[in-house]
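Asks: Take a look at the letters that make up each chain.
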Amino acid sequence: GNSVTQMEGPVTLSEEAFLTINCTYTATGYPSLFWYVQYPGEGLQLLLKATKADDKGSNKGFEATYRKETTSFHLEKGSVQVSDSAVYFCALSDMSGSEKLVFGKGMKLTVNP
Amino acid sequence: NAGVTQTPKFQVLKTGQSMTLQCAQDMNHNSMYWYRQDPGMGLRLIYYSASEGTTDKGEVPNGYNVSRLNKREFSLRLESAAPSQTSVYFCASPPGGAYNEQFFGPGTRLTVL
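From first to last, the protein sequence lines stand for chains A and B.
Position 60 of the first sequence, counting from 1, maps to 60 under the numbering used here, and the rest follow consecutively.
Position 96 of the second sequence, counting from 1, maps to 96 under the numbering used here, and the rest follow consecutively.
Any given hint might turn out to be false.
To be verified - Straight-line C-alpha distance at most 25 Å; calculated SDA-like pairs for lysine to any residue:
1. A:LYS77 / A:GLY1
2. A:LYS108 / B:ARG44
3. B:LYS9 / B:ARG109
4. B:LYS57 / A:LYS60
5. A:LYS108 / B:ASP38
6. A:LYS105 / B:ALA82
7. A:LYS68 / A:LEU13
8. A:LYS56 / B:GLU101
9. B:LYS71 / A:LEU46
10. A:LYS105 / B:PRO106
11. A:LYS105 / B:ASP38
12. A:LYS105 / B:ASN62
13. A:LYS105 / B:LYS9
14. A:LYS108 / B:GLU59
15. A:LYS52 / B:VAL88
16. A:LYS105 / B:VAL60
17. B:LYS57 / A:TYR30
18. B:LYS57 / A:ASN2
19. A:LYS105 / B:GLN85
20. B:LYS57 / B:GLY96
21. A:LYS105 / B:THR111
22. A:LYS60 / A:GLU8
23. A:LYS52 / B:PHE103
24. A:LYS108 / A:SER3
25. A:LYS108 / B:VAL88
26. A:LYS108 / B:THR86
27. A:LYS105 / B:PHE10
28. B:LYS57 / A:ASP94
The set of hints was computed from the structure by calculation and includes no laboratory data.
Pulled out of the complex, with its shape left as it was, chain A reads as follows (with noise of 0.2 Å):
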């Protein structure tokens, strides 16, 4: 079936480091490829998403790209803030019509100051 692998973390960086979270899958066909984030006792949110090999999805200075030769979707960003302290998961999309979204396991990302 269908897998999300991420980095589980948690990480803590220093404030204006990179990030790179990696996010590898598992599926049939050409799912869209999605990252979530959680700030602190809030629901997900979309960060960004990519629906087909090579798009790049980019939002708040984090990007990915749709790797479909390495089956992969990792998260970076240039210069990381404190507000970036959140969890962070890798999603795709069911092909089999369900709309369903298969997650990772989130990563939790600490940003000091």
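Chain B: place on chain A using the hints.
Replies: Chain B only, in chain A's frame:
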């Protein structure tokens, strides 16, 4: 336009008690989903409803029932709560179409003693 709303935000139950978690969306979406979030487990699908009048089991349906009351509302019921059901519960709804992203509610934090 409130998006996806959930009630209550917090709940403490004793083992064996019952309760219903409420979810409503005002985006006129056809589909609605219930997930649970546990530490180190990511989000796991409990039940979903692809349209008004239909419901289907997800990955972890045991111990739960759902009702799609109308297009707006999708409730999750615990008939006899168990400590293993201590979790954060999220309702979500996708707009449908090609991208399959989902919009999440703020969550219900449930503790079963």
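Asks: So, for every hint listed, does it hold in this structure?
Replies: For each hint, the structure was consulted:
no. : hint                : verdict
1   : A:LYS77 / A:GLY1    : violated (30 Å)
2   : A:LYS108 / B:ARG44  : holds (18 Å)
3   : B:LYS9 / B:ARG109   : holds (6 Å)
4   : B:LYS57 / A:LYS60   : violated (35 Å)
5   : A:LYS108 / B:ASP38  : holds (13 Å)
6   : A:LYS105 / B:ALA82  : holds (23 Å)
7   : A:LYS68 / A:LEU13   : violated (29 Å)
8   : A:LYS56 / B:GLU101  : holds (16 Å)
9   : B:LYS71 / A:LEU46   : holds (23 Å)
10  : A:LYS105 / B:PRO106 : holds (19 Å)
11  : A:LYS105 / B:ASP38  : holds (9 Å)
12  : A:LYS105 / B:ASN62  : holds (21 Å)
13  : A:LYS105 / B:LYS9   : holds (23 Å)
14  : A:LYS108 / B:GLU59  : holds (24 Å)
15  : A:LYS52 / B:VAL88   : violated (32 Å)
16  : A:LYS105 / B:VAL60  : holds (16 Å)
17  : B:LYS57 / A:TYR30   : holds (24 Å)
18  : B:LYS57 / A:ASN2    : holds (17 Å)
19  : A:LYS105 / B:GLN85  : holds (18 Å)
20  : B:LYS57 / B:GLY96   : holds (19 Å)
21  : A:LYS105 / B:THR111 : holds (21 Å)
22  : A:LYS60 / A:GLU8    : holds (22 Å)
23  : A:LYS52 / B:PHE103  : holds (21 Å)
24  : A:LYS108 / A:SER3   : holds (20 Å)
25  : A:LYS108 / B:VAL88  : holds (16 Å)
26  : A:LYS108 / B:THR86  : holds (20 Å)
27  : A:LYS105 / B:PHE10  : holds (23 Å)
28  : B:LYS57 / A:ASP94   : holds (15 Å)
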